[in-house]
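Peer 1: The primary structure of each chain is shown beneath.
Protein chains: 2
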Amino acid sequence: MARGSARQGRPRVVVIGSGFGGLFATRALAKTRVDITLIDRTTQHLFQPLLYQVATGILSEGEIAPSTRNILKKQRNTRVQLGEVTGIDLAARTVTAVSSSGTTVTEYDELIVAAGSVTSYFGNDHFAPFAPGLKTIDDALELRGRIFGAFEMAEVETDPVERDAWMTFVVVGAGPTGVEMAGQIAELAHRSLRGNFDAIDPKDARIILIDAAPAPLGTFGHKLSAKAAKQIGDLGVELWLNTSIADVDSRGVVVRDKQGVETRIDAKVAMWSAGVGTTPLAKMLAEQIGQEVDRRGRVAVEPDLTLAGHPEVHVVGDMGTRDNLPGVAQVAIQGGRYSADQISRKLSGKAPNAPFKYKDKGSLATVARFRAVAEVGPIRTAGFIAWCLWLGVHLLYLVGFKNRVTTLFHWAVSFVGSTRSERAATLPVWPTDK
Amino acid sequence: MARGSARQGRPRVVVIGSGFGGLFATRALAKTRVDITLIDRTTQHLFQPLLYQVATGILSEGEIAPSTRNILKKQRNTRVQLGEVTGIDLAARTVTAVSSSGTTVTEYDELIVAAGSVTSYFGNDHFAPFAPGLKTIDDALELRGRIFGAFEMAEVETDPVERDAWMTFVVVGAGPTGVEMAGQIAELAHRSLRGNFDAIDPKDARIILIDAAPAPLGTFGHKLSAKAAKQIGDLGVELWLNTSIADVDSRGVVVRDKQGVETRIDAKVAMWSAGVGTTPLAKMLAEQIGQEVDRRGRVAVEPDLTLAGHPEVHVVGDMGTRDNLPGVAQVAIQGGRYSADQISRKLSGKAPNAPFKYKDKGSLATVARFRAVAEVGPIRTAGFIAWCLWLGVHLLYLVGFKNRVTTLFHWAVSFVGSTRSERAATLPVWPTDK
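Those sequence lines, one after another, are chains E and F. Okay, so the first sequence: first residue is 1 according to the working numbering, each after it adds one. Okay, so the second sequence: first residue is 1 according to the working numbering, each after it adds one.
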């Protein structure tokens with residue numbers, strides 16, 4: 001237990017989370033004389049922005065989720081530990097983690113909390129089995145099984161009403177993930193599966209993208225949002241805006257419009273990208289400093305990303321609320337690097353940096369192949385150029401040369417060609433109502 | 001229902017199974033004026049001989065399991081149907097299949113049954129959760145999660161006895177799959193995971209390969225079997241021969257030697273490649289012709305691979321007993337092509353072929369990178385040349401150019417290099433005793 005305290009009396013840094021925030025913070029501390037313990041409940045650095053491509057059969061899970069251990073194996077000051085963090089004790093300065101092999105308690109001198117976000121159903125957790133989120137490898141493979149499986153079911157289904165239900169796909173939430181997911185299901189139906197079936201025409205699939213807001217990709221501003229809406233429509237995706245979700249069950253989704261009128265959509269596959277919440281860790285931190293989390297479950301942080309009264313605790317990425325920053329990789333990466341630098345400076349007696357300021361490098365969202373919207377500095381563009389930008393940036397941030405090679409190959413196969421290389425799926429679970 | 005009877009009055013061929021037998025039979029009928037319905041409970045053509053590479057993180061599931069539908073999309077006389085075949089009625093000439101969308105009954109004029117084999121625990125089905133077989137994508141991903149997960153657990157485990165149990169891997173059955181699996185776990189432990197851990201040295205892992213027979217790869221003959229045993233030993237795998245399995249539970253495996261002495265091996269990961277049985281379909285066929293299945297659950301077939309009294313029913317691959325052929329891909333491929341040709345000849349009024357005769361093209365089994373044993377005609381060789389042969393043959397039979405490209409790349413990464421590209425896994429299930 002608490003092996004973090006063993007080595008040479010160097011300051012002990014515990015990093016919670018191996019996502020963008022945690023991994024980039026850890027790497028930024030590579031040359032600092034500290035002992036780092038990176039704790040995560042999976043053994044992978046998951047490139048979440050591409051998870052939808054695993055779900056739609058373009059990429060394999062290995063391509064977007066390299067082993068954290070392998071990435072960091074040459075970083076001598078770091079150990080990687082599998083475990084679900086269940087406790088942070090700010091007074092005792094310890095982190096408790098559990099795994100199938102038991103419980104560990106690790107002491108820290110500096111703590112970086114970057115546990116990211118989870119799918120939130122806004123209190124309607126009973127929606128979950130019918131409309132999985134897209135946060136983990138398990139989520140992606142389950143959705144892959146359901147998406148490809150639904151076309152198979154439609155092919156053998158003889159009842160036309162049921163067949164239509166198998167051919168209807170509902171994506172809840174028109175943020176980047178929802179837009180990308182809906183776009184890729186549309187490409188699948190209209191292009192990649194062409195000629196694959198006899199009893200059905202995959203083109204007849206309905207893809208419905210639902211959001212309570214009046215526009216998709218709201219954070220991109222009016223102009224790009226409108227362009228994205230047009231691209232989505234061109235793909236044959238139905239965009240139901242100003243629409244909220246009243247219920248989700250085994251038969252489909254019940255939506256409610258602004259006037260309160262409810263409509264049932266019969267759909268066998270639904271996915272949820274509407275809600276983002278945080279892990280219980282944010283609340284745990286907030287309570288210990290006598291605060292409350294915000295509406296999205298985030299904990300308030302100081303201008304230097306530390307916790308009030310705890311300059312040794314750094315909250316990075318989705319978990320912290322600072323200038324209401326968006327939940328994107330860049331915020332986590334920059335926060336992780338900033339906090340790592342603060343720690344280095346503190347340990348070497350240097351003055352701390354100025355408050356954390358997010359440098360917006362731009363926003364990118366891809367709608368489908370050759371179509372994306374991009375906002376880089378003063379430039380706002382939609383279409384092929386935006387898509388090329390998207391391609392380059394994603395390849396750049398994908399960790400590992402080998403993953404870049406096969407990813408580029410699989411993109412060529414899927415975007416220049418039309419097939420999907422990674423259709424093989426685990427057997428899907430079709431949940432039934434209790 | 002029975003849509004197979006709809007088209008133009010052409011003879012209806014139903015093929016059960018999209019493995020080697022079913023797929024090659026279907027392809028061989030591409031130019032025959034028949035209507036083919038290929039029914040399988042998955043949507044993939046699974047290249048089973050490489051499944052162990054999915055389990056050990058070398059290949060992705062998509063690389064070895066391309067979509068059957070996509071492979072056959074240009075074959076106009078064929079429809080692919082997802083469904084688990086639950087009934088074959090020889091008198092009514094119908095096949096019943098169920099899926100989540102209901103039950104279908106398909107009529108046939110000619111039937112090819114190629115449903116393959118399943119893992120058999122010889123009546124000890126309670127072993128299954130603790131020692132999964134390796135027959136499906138789900139099996140491979142679960143084993144991947146457990147194998148990589150066990151090293152993670154060992155890294156955080158503080159009790160040395162428990163740690164050793166996490167570091168002990170038991171493979172039951174020293175046929176090709178068992179040997180390949182044990183060899184790859186050894187390569188993982190001794191080479192690929194090097195430098196990945198702090199508290200443990202992956203090299204300390206024990207890999208125990210167990211078989212009741214006195215030699216591994218028994219079908220290869222004494223000389224090659226002895227060479228394989230040496231290669232296995234050189235890799236650091238413990239080979240426990242003349243050893244049977246008394247029990248498997250959450251703590252490990254209890255083995256029994258020839259003298260009846262039982263020994264418990266504490267091991268958190270076990271896999272079962274000892275027993276092969278067939279699906280209930282073989283028994284169903286046997287019963288309808290007043291016969292019994294053999295010890296391995298196979299049904300007797302005539303010299304032309306048909307069922308006695310039913311020249312319209314062809315049994316291909318693992319399900320049928322003919323000259324006691326081994327359960328390898330070549331037997332299924334040749335049987336599938338033979339039966340397809342018989343059907344073509346019958347329909348065009350030609351005389352039937354001579355009885356089916358298996359052309360043994362040789363046997364190959366790889367122990368680890370650069371090591372294999374091969375038996376091709378009079379040539380028996382072990383080592384690098386055998387391994388090159390193995391490489392070529394497996395690439396040749398892998399379906400799809402794209403899969404060959406990425407597979408070759410991943411092999412280069414794993415065999416010339418040392419890493420594994422596909423370590424990302426679903427969350428493993430560590431079963432507990434009831």
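One thing to keep in mind: the hints can contain errors.
A pair holds if it fits inside one copy or across any two, identical chains being indistinguishable in the list.
Unchecked claim - Simulated crosslink set (DSBU-like; lysine-lysine; CA at most 35 Å straight-line):
| no. | residue 1 | residue 2 |
| --- | --- | --- |
| 1 | K346 | K359 |
| 2 | K402 | K135 |
| 3 | K203 | K31 |
| 4 | K135 | K73 |
| 5 | K258 | K350 |
| 6 | K135 | K357 |
| 7 | K74 | K402 |
| 8 | K223 | K357 |
| 9 | K74 | K230 |
| 10 | K361 | K203 |
| 11 | K31 | K357 |
| 12 | K203 | K350 |
What the hints contain is simulated information worked out from the structure, not anything from laboratory work.
Peer 1: Can you give me the call for K74 and K230, within, between, both or neither, at a CA distance of at most 35 Å?
Peer 2: between (47 Å within a copy, 34 Å between copies)
Peer 1: I want to check one pair: K223 and K357. Are their C-alpha atoms no more than 35 Å apart within a copy, between two copies, both, or neither?
Peer 2: within (26 Å within a copy, 70 Å between copies)
Peer 1: For K135 and K357, with the copy left unspecified, which applies at a CA distance of at most 35 Å: within, between, both, or neither?
Peer 2: Intra 27 Å, inter 53 Å, cutoff 35 Å: intra-copy only.
Peer 1: For the identical chains here, do K346 and K359 meet the 35 Å Cα criterion within one copy, between copies, both, or neither?
Peer 2: Classified as within; 23 Å inside a copy, 74 Å across copies.
Peer 1: With identical chains treated as interchangeable, where does the CA-CA distance between K361 and K203 reach 35 Å or less: within a copy, between copies, both, or neither?
Peer 2: Intra 37 Å, inter 44 Å, cutoff 35 Å: neither.
Peer 1: Between the shortest in-copy and the shortest cross-copy C-alpha distance, which are at most 35 Å for K203 and K350: within, between, both, or neither?
Peer 2: Close neither inside one copy (62 Å) nor across copies (42 Å); limit 35 Å.
Peer 1: Tell me, please, which holds for K135 and K73 at an alpha-carbon limit of 35 Å: within, between, both or neither?
Peer 2: both (25 Å within a copy, 33 Å between copies)
Peer 1: Between K203 and K31, at a C-alpha cutoff of 35 Å, which is it: within one copy, between copies, both, or neither?
Peer 2: between (54 Å within a copy, 28 Å between copies)
Peer 1: Quick one: K74 to K402, C-alpha cut-off 35 Å, is that within a copy, between copies, both, or neither?
Peer 2: Result: close both inside a copy and across copies, 17 Å intra and 33 Å inter.
Peer 1: Cα distance capped at 35 Å. Does K31 pair with K357 within a copy, between copies, both, or neither?
Peer 2: This pair counts as within: shortest intra-copy Cα distance 24 Å, inter-copy 67 Å.
Peer 1: As a check of your reading, is K258 near K350 (CA-CA no more than 35 Å) within one copy, between copies, both or neither?
Peer 2: Neither: 55 Å inside a copy, 71 Å across copies.
Peer 1: Are the CA atoms of K402 and K135 at most 35 Å apart within a copy, between copies, both, or neither?
Peer 2: Both ways: K402 and K135 sit 23 Å apart in one copy and 28 Å across, limit 35 Å.
Hint check: violations occur at hints 5, 10 and 12; the rest are consistent with the structure.
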